Structure formats: structure tokens, C-alpha cells
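Protein chains: 2
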Amino acid sequence: MANKRVVIVGGVAGGATCATRLRRLDEHAEILLLDRGPYVSFANCGLPYYVGNLIHDEARLLLATPALFKERFNIEVRTRNEAIAIDREAHTIAIHDHVSGRDYQESYDELVLSPGAAPICPPWPGVDLPGIFTLRNIPDSRKIRTWIDSRHPEKAVIVGGGFIGLEMAENLASRGIKVTIVELANQLMPPLDPEMAGYARQHLISHGVQLLLGDGVAGFEHSDSGGLIVHTQAGAVFEADLVLLAVGVRPETKLACDAGLKIGDRGGIRVDGAMRTSDPHIWAIGDAVEVKNRITAQWELVPLAGPANRQARIAADAICGRNSHFDGVLGTTVCGFFGLTVALTGATEKALRRAGIMDYQTVYLHPNQHVNYYPGANPIHLKLLFRKQDGLVLGAQAVGGTGVARRIDVLATAIQMKTTVFDLENAELCYAPQYGAAKDPVNLAGMIAANVLRGDVELAPWNDLEFTEAFLLDVREPHEFQADAISGSKNIPLGQLRSRMHELPRFREVWVNCGIGQRAYYACRILTQSGFCVRNLSGGFQTYAALCRVP
Amino acid sequence: MANKRVVIVGGVAGGATCATRLRRLDEHAEILLLDRGPYVSFANCGLPYYVGNLIHDEARLLLATPALFKERFNIEVRTRNEAIAIDREAHTIAIHDHVSGRDYQESYDELVLSPGAAPICPPWPGVDLPGIFTLRNIPDSRKIRTWIDSRHPEKAVIVGGGFIGLEMAENLASRGIKVTIVELANQLMPPLDPEMAGYARQHLISHGVQLLLGDGVAGFEHSDSGGLIVHTQAGAVFEADLVLLAVGVRPETKLACDAGLKIGDRGGIRVDGAMRTSDPHIWAIGDAVEVKNRITAQWELVPLAGPANRQARIAADAICGRNSHFDGVLGTTVCGFFGLTVALTGATEKALRRAGIMDYQTVYLHPNQHVNYYPGANPIHLKLLFRKQDGLVLGAQAVGGTGVARRIDVLATAIQMKTTVFDLENAELCYAPQYGAAKDPVNLAGMIAANVLRGDVELAPWNDLEFTEAFLLDVREPHEFQADAISGSKNIPLGQLRSRMHELPRFREVWVNCGIGQRAYYACRILTQSGFCVRNLSGGFQTYAALCRVP
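Same order as they appear, the protein sequences are chains A and B. With positions in the first sequence counted from 1, the corresponding number in my numbering is that position plus 27. With positions in the second sequence counted from 1, the corresponding number in my numbering is that position plus 27.
Keep in mind the hints are simulated off the structure, nothing from the lab. Quick caveat: nothing in here was measured; it's all calculated off a predicted structure. Ideal placement from N, C-alpha and C gives every residue a C-beta, glycine not left out. Careful: at least some of the hints might be erroneous.
Under 10 Å between C-beta atoms, here's a sample of chain B residues computed to sit facing chain A [said to hold, decoys possible]: (1) T44; (2) K170; (3) W174; (4) R178; (5) T359; (6) A370; (7) T372; (8) V398; (9) R433; (10) A441; (11) N470; (12) G542.
Work out the full structure, taking the sequences as your base and the hints as a guide.
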């Protein structure tokens, strides 16, 4: 039997991983890796930091060269060679060589598509003006660097407040550029629930980034001073010496579409669990494919490197006859800017609602990343979603400093393993004063949720706060209450509650609030056992500020 | 029915947690919390940092006062009141009031013992000399602080190289004191496997700490200059202006023993899953009890705050008629000193062997905590133990800088949820350049282990290296090989392997080595598929240095 011939289109994360995995599994396969760009296996996640000059040397972004692929893996790499058509009957692809200008054909036994996703660039007037950039690859980042180094821009507008936009905000600011972000949605970081994204907003503002939410770009024009003017749909006008478009990415599906491969409703290539397309000899991986969300079972586009790598391995396995299966994504994501870390895993509240899943409960908490008495304690704002029926953990979002990625990684593992909140209560995690607490934030999240499921405390629905007829009780100390409080609430400090219960209504629900939800929980236990009908406002005043005080 | 009367002996982590949990579950119980010391609910894990003056204010260590217990929880706290005897028939305890000097009795319906564990203080000659300390509580730490502030010691000897000893080494060094550690065992941090503890040893040495392993104290005497002289069993002599004894702790079981409660083989109070002792109305929690290791099913003494807290909640639940159950411990532990983090969870190799569990496999890896191209990448030395039969994760140890606690927390959650190495391969964890890698260290550990279980690569047993007759192949680049290599190994760089295979023996096992195990894995795949019989030396030269180059 002749050696298997595998052609891979696209040589960044997915394609390069698939190629080397194939080689490890089959020393005798012929493997050809094509990329239309000048590089393969470059670190696209590092591009913002190269623009920001935190990574000085462009060569650091090149994880492997064609020569290394040849020498180490016996894989032929052809850069600047673009696959332009697939003949599925003949098992051939047509390729355009951008260097020589010639077109040619290659045959394949198995074909892997890893074309990635391209930055969306809407047809706004003036979108092609000099000084307006997108960021996808090394040449893109080099152009932006060159522009910064030669033009010394003072002001930048970033269109899009997603993860790339925020990373770029930090990196442009670190180059001394004043940054404005224009985001069409009413929140930054659209995958997050809005109140959690609110922490990112506050943090950016405190670091001098100007934000315009709920407004889109109308167009661009030259300014008299030689810069750019950004017009928004609502009529706002910003001057900018540099504009970055970071409004999202779109799967590169032209090759697949033209070949008649099945495309899903979200616009990505549809594949099965083995990453096989609708053609049994064509496989697709990475940002170009649709994946199933493990929690909501919805098809999604999830342009993340981790899943792309897993898919690449699975496709290689399947091509070599192994029984590997992609189980879908949790969407675990982390993003850092100006010292803040924002991370999430599993489903958000809005993703659950979008999928019609209503059997869930939310808890908020604001524990410090380590014990308070050790210097440097800072809060992690944590939102946990779990199934009411059985306590299954569905998703988590966290914002804070050190320790955010750690807790989200634990919760991602928990979700992967179908953990309940009762298991989280009992998780045995690292504790020493500089690392955590005897009750880790993950334990606390589990305890708060388990208290609800066991019926020890009921939570008040924050969304109903402005309409409720419940009696609002605040059990913080008077100085806290006087500094700021929910309008209409009555203050009885926790320590006085037992002796002042007669001040509370017997036949009306009492909603209890405190700083972060802990004292209110204690108060709820006292009052419940004394015959009152009470609910805890989850996460206390800190949640109130995030949910109800949106500027 | 009269209100339940619960007496709790010991008011630090376990006792205080149990008391407040009891109150939340039963607003009407009478709860009396006794402690023979002057404080309850203090942060004993913070004591080294108070000595080191990283925590300046002693009051920061007091997490709750008797007044707060009364006001917030309606719990009566009596400090300096020591339980001295239990009358199990009469349901009473005899108490000595250290303030008034009087003895008195209290009755109980349920009694909770949370006496903790005391520092072991062997009867060495001179052990009572001034300047020799142990560290268990706030008065202890205050004495050491006072000694440092008034005597300005230049040299300290710490007897014992466990977690407390190493934390104290850092904190004494931060006060400008030159530290020597004397440890009876041949390694620091006895819970770890020795090669992993070796990283701690190197790190301490590089930070100017003098180490004497495998030697015990013989006695102490005054020096002529007014300081202390420490004599070791092997005849070494150290001068010291301060000595800290940190040779471990022993459960405080006198009260329980005298009352005839069952004591286990390891010397702790024996309890059932509900934390109930051999007397149905007496419960015990915290450092004084024996717990079952979840992996080895052996009884152990595990003086850690996290398990103590869980046990406290479970005892409170059980006393209030709830069906809670303590599932045993993983022994998750973290310790930091001089910027190094050492952490472990689950079983170590020596714990497995001690328990007679031989169906396990070990992999070593040395990935960076985040992608190499982002500034600040540093290795995490990771050892993963898993069951050969099915890949169940049994334990993990990690040493490095940032990111160690995070990976051990993920692995602790994985072990809790009975995760296999195949699940670790697929874990979807936080990745952005400053946080990790598309293949996180946890994924890599899973992949390496899964490769072994799938038969894609066999591991060479490091322990047999000095006796093996295998052909030793080193596939690193010549400059790496020339810098340092395993004696007797032959160098063929990976890139030349395909063309130089004829230099390898066909009928002799080939053991392959590289820097961290990755290139050797590639080489193994090439050679296996070319008919050679090969094994990978797990973790490569970095593991060799740790395992076989012990100074």
C-alpha cells in the first residue's frame, strides 16, 4: 500500500499541530503544509504584545520555520502558496504560488482545511484610508509597529471592545497613545454577562481609556491635520492618528463553500466529532469550523487556540484510523489588560437564555484571592451559574487580579468533569496565606450555591429589585450604610438583629443586603429560624454596584 | 424539647468554624467555645509572616474576637479556659480557668474536640535554653519577634526542613538573619518525593540558606559569646543566636485518651465519616484527628486548615441531624519561599509504595508557565502519577514560580472528580500569552501520560539508568550535548536521526534523552515506526539533573 498523502491548508495553530501529530502517528505519510502567508506556525496570540513592544523581536513570534518542519518532521512546507480550489472527485487541489505567480495542482488522499478566520472589515466609508488597520498576522502587526514608530500617533480609536480590542488598548497605551474604544454593543467583551463586563469598563476608564458603548462607526475621513476623523452612527466625532478595527472575525470558508462542503448556520464549516466535513476525505479544524458548546449544545464559532489544537490532534488521529472525538467547547477564555484579568468558562447567563435553558441559578461573590491579612489581598468578582435541579456547574465568570485564571481553570475542569456545587464545597485546593484561603473562592462559590439548593437560604432576584414590594434590610454597620445604600433600605447591623427583630414585618418578604453577601446570609439564617420570610441579595452591595449602578 | 447544648474545645480554625456553622444551622442551640489560650480564631498560618514582619500588626492575625462571636453569633467564648477532663457518663467536662485559677464543670449534649496539634519538642539536652523557640500561636510568634527586635540575631538554626521550617527560613532571612536548616531526613519537605524536593534545596542554597540534610540535632548549649551552639548527631557544630524547632506536630490527644476515646494507629483521634469519635456524643475535628487518604486509603495525620474547615462543617451538620460525610483528604498543600512555589496533591510515589500500590506510572515534564515568547516565562517542574490500568490520576507535584498553585489546583479538582489522563489531554483551560499556552502544562501532562497508555511511547525507568545495558541516545543539538550529557550516551540530533538510523543498534533497546522529553518523544516515534525498540527518558535532561545529580 502506498504511503498516505495528506495536504493541509493553513499552517498556523491548527494546521501546524495537525501536521506534526500526523508525522508522529505515521512516519511514512507524505505531508504537505500550505500557507498563503509568508510564515507558518507563528504566535498570533502574541501579536498585540509585539505591537506594544513588550515582545521586541519579531523572530520570537515564529515558533517553527519551514526548515525546522523539514528537518525535524520531514514535512514539506510551502509558504505563500494558496489553495484556490478543491476537486473533490479527482482528489486534487489547485494552488496559486504567490512568489512565482504560477498555478499548479496537488493530489491528496486526505485534505485538512485549517484556514482560520479573517478580521471583519465592514464597508464603512473611508475604511481603506492609511492609518486604519486590522490585526491578524505578522505583516499586519509589523505595519502597525512601523506606523507607530514613524508617525508617533498620539490618539488611537479602537473599533470593537472584544478581547483583541482590549489587549490592543493596553498595548497602544503602553506606547504612549491615548486610546478610545468604540463598541456597538452596550457592553465590552460581548461573551461576558454585562454586569461582569462592567468591571472591565471601570478598570479601563481608571486607566485613562475613553469608552463609547452602544454606538457604531459610521465612517472615516482625513482630518485637516493629516490624521483621521472617526464618525459614529450617533454623531460622535473622534480624531485619531491610528485606527484599529477589532470588530470580530469571520471563518474563512470560501474554499470549502466553493467545493460544496456543508456550512453551518453560524457560517462555519460543519464537521462531525472526528473533525470530518461533509466529504469523507476532507477535514476541517480551527477558527473556520463550527463547534458545539458543551453546556448549551448550540453550534458556535469559537476562535480560540486551545480548541484548535485539540481539533488538530483529533483530525490527525482520525486520518490515521484512530478513534478520537472532539467533545465540544466550554469556551474557556482569559484576557488581561492594565493588570486586570477577566476570564470565563462554560455558559454565561445570556448564553443559557439564548439556548432556552432556564433551569439555572446564579450566585455572586467577591472573595479576595488570598486571606485578607496577608499583604496584597484583592477581590475576585465571581459569578457562578449552576443547574437548580441537581447543582451541576454550568458556567463561571471572574474578574480581578492575580488568581482569576486559577479559579476559572479549576471551574473549567469542574465543568468538564460534570461537577456539582456540592463537589465544589469539598474541593481541596492549595492554601497558604499568600496563595489562597482555607475556604478558597471556589469552595465559597460551592457553599453559597449549596446553601441555596439545600434550602438554607433563598436568593432574591436582583433584577426585580426596583419593582419589589419586599422590605429591604441592610445588616452592615451604620458607617457603611451611611456611606452608600440601596434606596429605601433599613439598617439594622447584624450584631443588633436578634434584639431588634420586632422592627421587621412579619407578613412581608424581607430582602437582606450587606457588603458581599456573607453577613446577609447570617441574618437570613437568624430570621428564617425566627419565622420570617427572607431572601439574600447575592453578593451584597458589591453586586448591587455592578448590576444596578451601571453609569 | 430543650435547646441543644454544644461545648467546643479549641477555638482556632476547626472549633471556630464548627461553632459558627452550628449557629447558622440552629439559632436556638447553646454554644460554648473554650480555648486554653488567650485568643480564638487567629490566623495560625500567618504566624511566620508576622515573625518576618511582612504582617506588621498583630491585630491582623485575629480573625474574630470573643465579643464578635457573642454579638454576631450569640456564641459564648471563654479564652484561657482549658478542658481538663471529660465525664462521658455524666456528659460533663471539667474546665480549668487559667485566669481565676478555679476548676469548674459544664454539661454538654454534644461535645466537639478541636484541640489541634502541638509542635514536637524532643528532649534534647539544652532544648529549654533561651533563644530556642517553637511556633504554634500568637504568643509564640510574639516571643520570637521580641527576641529578634531586642537581640538582633545574626544567625539562626531551623531544626526541620518541612513546610513551616522553609517558610520561617524565608521570614528570618527577610529580617537579615543568616539561616541554617538541619533536617534529619535526606530531603527537605518530607511529604514530597525526593527529586521534587531537590528543586527546593537548590533554590534555598541559591538564596544563601545553609542546609544540612540527613543529620539530626544532638543537643544545644550556650556559646561563650552569649549565643547558642547546636550540636548534630554527626558531630557538626553551628553557632546560632536563635533556634527554631520545626520538626513537626503531634495531635493533642490527652483529653481524648484520658476519656477512653479510640485513638488510631497514627496517634490521632479516630473518627467516622461524620467526624464522630467512639463516643456517639463526642466529635473531633482538625489536626488532632486521623483522616483517610483518598488515594491510598491509609489513615494519616494531615494538619491542614482546609480539611479542618470541612471537618468542622461536617461535624456541625451531623450534630444538627444532617447527613454530611467527610470523604478523606487529597493532602493538597502549597508552600512558598524566596519566590519559589512548591505544591502537591493526591499521592506521591513514596506514599503509593508505602501503601503497596504498584499499579502506577510516573511522567515528568518541565513546561513553562506560559508561552516562551512572552516575557517572564519560567519552568514548572511537574511530576504526574497515574494508574496504568486505566489512566486515573493519582497525584501530582509541582515546583516553580507563578502558575504552580494553579496547575495543582486543577489537578486536585481532577483527582477529586476521578479524572483520567485522557480527560487532562482535553481540558480546556485559560490561555492568553501571559497566562498559559494553547497546550497548558496540565494538557501536556495528560498527553504525555496518554501517549504511554496508548502504547505510542514507552518510558525508560530512570531508576535503572545506572544499571541499564540499553543504548543511550541523546537527540539534542551538539552544543547542548557538549555542555553536559548522560555519561555514555551518543549524540544524534533529532534533525539528523532519519539519515543516521544505521548508527543505532537493531537488537538492543535504545533509551532516548533530550532536554525536557519532547524531542526524545519525536525520536521515539520515528524509531519505533522504523522497527527499533526504544524508550523515552521522561522529562529529559532536566529530570536527569533532578533525579541523578543530587549533590
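Tell me if the interface restraint on G542 of chain B is satisfied: Cβ within less than 10 Å of some Cβ in chain A. Cβ of G542 of chain B sits 14 Å from chain A, so the hint is violated.
Should the interface hint for K170 of chain B be scored as holding, given a Cβ-Cβ cut-off of 10 Å against chain A? Status violated, d = 20 Å.
For the hint on A370 of chain B, does the least C-beta distance to chain A fall short of 10 Å? Status holds, d = 5 Å.
Quick check on T372 of chain B please, does its C-beta sit within 10 Å of some C-beta on chain A? The hint holds - T372 of chain B has a Cβ within 10 Å of chain A, the shortest such distance being about 7 Å.
Would you settle whether the hint for A441 of chain B is holds or violated, based on the nearest Cβ-Cβ distance to chain A being less than 10 Å? Where the cut-off is 10 Å and the nearest Cβ of chain A is about 6 Å from A441 of chain B, the hint holds.
Can the hint on T359 of chain B be confirmed by a CB-to-CB distance to chain A that is less than 10 Å? holds (5 Å)
Close enough to count: is the Cβ of N470 of chain B nearer than 10 Å to one in chain A? Hint holds; N470 of chain B Cβ to chain A Cβ min 8 Å, cut 10 Å.
Against chain A, is T44 of chain B within 10 Å by beta-carbon distance? Since the shortest Cβ distance to chain A is 8 Å, the answer is holds.
Does V398 of chain B meet its interface restraint, that is, does its C-beta lie within less than 10 Å of any C-beta in chain A? holds (7 Å)
Proposed interface contact between W174 of chain B and chain A, which counts if any beta carbon pair is under 10 Å: violated (22 Å)
Restraint satisfaction for R433 of chain B [CB to CB of chain A, less than 10 Å]: Hint holds; R433 of chain B Cβ to chain A Cβ min 4 Å, cut 10 Å.
Agreement of hint R178 of chain B with chain A interface, Cβ distance less than 10 Å: Violated - the Cβ of R178 of chain B stays beyond 10 Å from chain A, reaching only about 26 Å at its closest.
Against the hints set out earlier in the document, violations occur for numbers 2, 3, 4, 12.
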